[in-house]
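Participant: Read off the chains here:
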Amino acid sequence: MITSSSPALRISDLHCSYAGVDILTGLDLELGKNEILCLLGPSGCGKTTTLKLIAGLLPPTQGSIDINGHAVDNAELNLAPEKRNVGMIFQDYALFPHLTVTDNVLFSLHKQSKAKQKEKLDYVLQLVNLTEFADRYPHQLSGGQQQRVAIARALACSPELLLLDEPFSNIDSQVRHHLIEEMRGLLKSHNMSAIFVTHSKEEAFAFADRLAVFHQGKIEQLGTPSELYNQPATRFVADFLGKVNYLDALVLDEYSVQTALGMISSKQKLTAAVGARKLLALRPQQLKLAVADQGIAKITQQQFLGMTTHCTITLTAESAIELSVSMQQPMVVDNVVSVTVEDHDLVLFDCD
Amino acid sequence: MNHKLAFSWHSSSWFIAIMLALPIVALFYQAIGPSADVFQHLIDTVLLDYVQNTLVLVFLVCLISCIIALPAAWLIAMCDFPGRKSLQWALMLPMAMPAYIVAYIYTDMFDYAGPVQIALRAVFGWENASDYWFFDIRTIPGAATVLALVLYPYLYLLARTSFLEQSTCLIQASRMLGSSALSSCLRVSLPLARPAIAVGLSLVAMETVADFATVNYFAVNTLTTAVYDTWIGHGSLTAAAQLSVMTLSVILLFVGLERFARRKQQVFQKSMLHEQEVRYQLTGAAKYLAMAWCWLLVFAGFLLPFAVLVNYAWHYFAESWTEEFFQYSANSLILAVIVAGLAVLCAILLGLYRRLVGTKYATIPARISTMGYALPGTVLAIGIIIPLTSADFLLNDLTELLWDWTPGLVFTGTTFALIFAYLIRFSAIAVGSIESSIDKISPSLDMVTRTLGHSPNSMIRKIHIPLIRKGVLAAFLLVFIESMKELPTALLLRPFNYETLATYVFQFASDEMLEQAALAAIVIVLVGLIPLIFLNRSLEQQH
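Here the protein sequences come in this chain order: A and B.
Residue numbering for the first sequence follows my numbering, beginning at 1 and increasing consecutively.
Residue numbering for the second sequence follows my numbering, beginning at 353 and increasing consecutively.
If you're looking for bench data, these hints aren't it; they were derived computationally from the structure.
Keep in mind it's a predicted model, so treat the numbers as computed, not measured.
Don't be surprised by glycine CBs; every beta carbon is placed ideally from N, CA and C.
Using C-beta positions, here's what the derived DEER-type ranges look like:
#1 B:813 <-> A:69: 30 to 38 Å
#2 A:71 <-> B:759: 53 to 61 Å
#3 B:887 <-> A:129: 38 to 46 Å
Put together the whole structure using the sequences plus the hints.
Facilitator: What follows is the structure in structure tokens.
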């Protein structure tokens, strides 16, 4: 049954092993219509395997995949990739070197009439701004142009779902940001549902509506980029998305904890039991420093990074804890400073 | 990717692999059988000599190859002197010379009746052979020298490539640490090139063991000539098979050494791309010595023999320009085209099978089908005769039973045996060439083709075949050339009254009348030059 409410993609209990190694162990995932989802994780965590399973390029060992309400994989069925109507863009773009831009783009339209092909070609080439390059061969194009050909080719057959495997990793960092913006705009304007794989959190933050952090063949946490960054569910997610300071914390009441930085209060009610010993996670930019003679810490190292300055401070108390702090303005090494914590929802983890 | 590959892919790939491995299996099977007393007789009389001759020959050829090829390789890779660019490829030229032609020409030159000794006698007034000492070329050292003169390019090529791939930083570091150019060569470059040198030497050794024509011409009895004599002379297939198995084990020893040397080769590859090439500028005496050494090799291994051939052809043009020459050229040509076509088809099938199945076991057919390349021609011929004779008997018995009529020796008595043998011997070349061009196609192209709505068959037609066209052409050409040149297999397996260019030239050389087949010899040499042009082009692109 196809209903307007069926999600663009539904994966349930997906398992995959290759050469005796379990790569995916029970993956569940749902992608809404017109949504861009990013699979983020270190290399070897199974994110590219997930893409290949969705595209039908690998057989799952167990589980089911539905695309727009159509089953493509389940216990009885393993639909061939050419029958899934899924577009895929590869890290190396996978342009056919022996075909021109035109022939690359038309590759999936071999069964349609010439007029239809022409119409489609003109449309997608204009979309990616490559009309004047139609007769070139891939090796005559720049990396960014090659990527746009890959996008045009994938869009030409109007796929129900677009899969992108690290599409920006071969692009210079100067133009990467611009391209991400452009591509996101393109997908959004065409109401495309897309899944995007990367190991770079910056790309993920900039490109995705929702993020799924992968760890050892499973999704560790799923949510919007800011949810995951500010409210990580596990220490793996917290560490993977950016630098974190961990402080021993004793839960004093429903709102506050006692730490080496003194008492810190949360905007939201804490879920931890009063009296429990926890670890408090603090991002470097959630700490504020001010020069103060009676301060509890000393700046021991400083690194100027342009937009921000990264400081390492050491608490002067016996514990001599080191913390990372991100500052707008540089300070002076050896300055004694006071430390305050920005008002926010505290994130507590269990102690190891 | 595993989407329901048709059964015909699996069955045909494995069928080809098994057919191409058949002679090796047959050899071992036949070798177990009783050989009357021929083998015992061989053991009692000459076998020890044969083995000893083979090993001494291999050792000497390797030694001489090292002495001549390594300095040349180092000079070309690391130094700059006039003519370096031309020498770089000219040093490969001797590869195109069949060793027995070089042997013939030098024998002609250095014999008692040859121009060199005649001139010496005239100058010094010697009367006859007892007046002076002169080396005899028809000996093991003589054969070794001739073989090394045409086989050294293997070693030269691999060593040169290895020297070029070594990071210049290493050489510069060793110089800063106080080594002279020479000592940095001995202490850094040579040890780093050891795996490549071992690979080169094992190739030289394999070719030496496989050589039939040169040792036969010099009457040096080795295992290969023994195989030939046992079959042709004594008519004992089993004894020939047993000798073949012995020869094969010597070959396998070298193959094993080669594999062993290659196992860590990546470690020695250059780490940084686009390094600037820095060469020692040779001046003064060193410059002239380097030039003299390299040109001497080219001269002795190619220019002189080739000039002699051209001279023969000029003086004996009428005797060379015969109907036989055209007939045998046509024979060779047709044979080579058929073999090259079949080898390419097999290689495409095996290569694509491996690509489409993508599992480890799918590489097995391709690996099996390349085993034949290690077989010396005579050994392969014995291995072919065994199953084909049985097939002939079986066929004739069957037709006699059914229709009371026999077709004769369909397999062994026709060019079928030759084509089959060549296919086994040379399909490895085609498989290698086509496999490497298939491997160059990024796997993501396959995946994207499938997601763009094409079936595996359509993918092969539209993506794989167009992209491997160059590899296919190279494979065809290389197999074609090897088939044109192949001698020992043809000698043993050709039907009666059937000659190829190679057997024709060898026949005349054996009868001391090479002059009259000079045109044919020149054709063989020229055909042999084609792969060198290819090789040189691909090396130029790399560096």
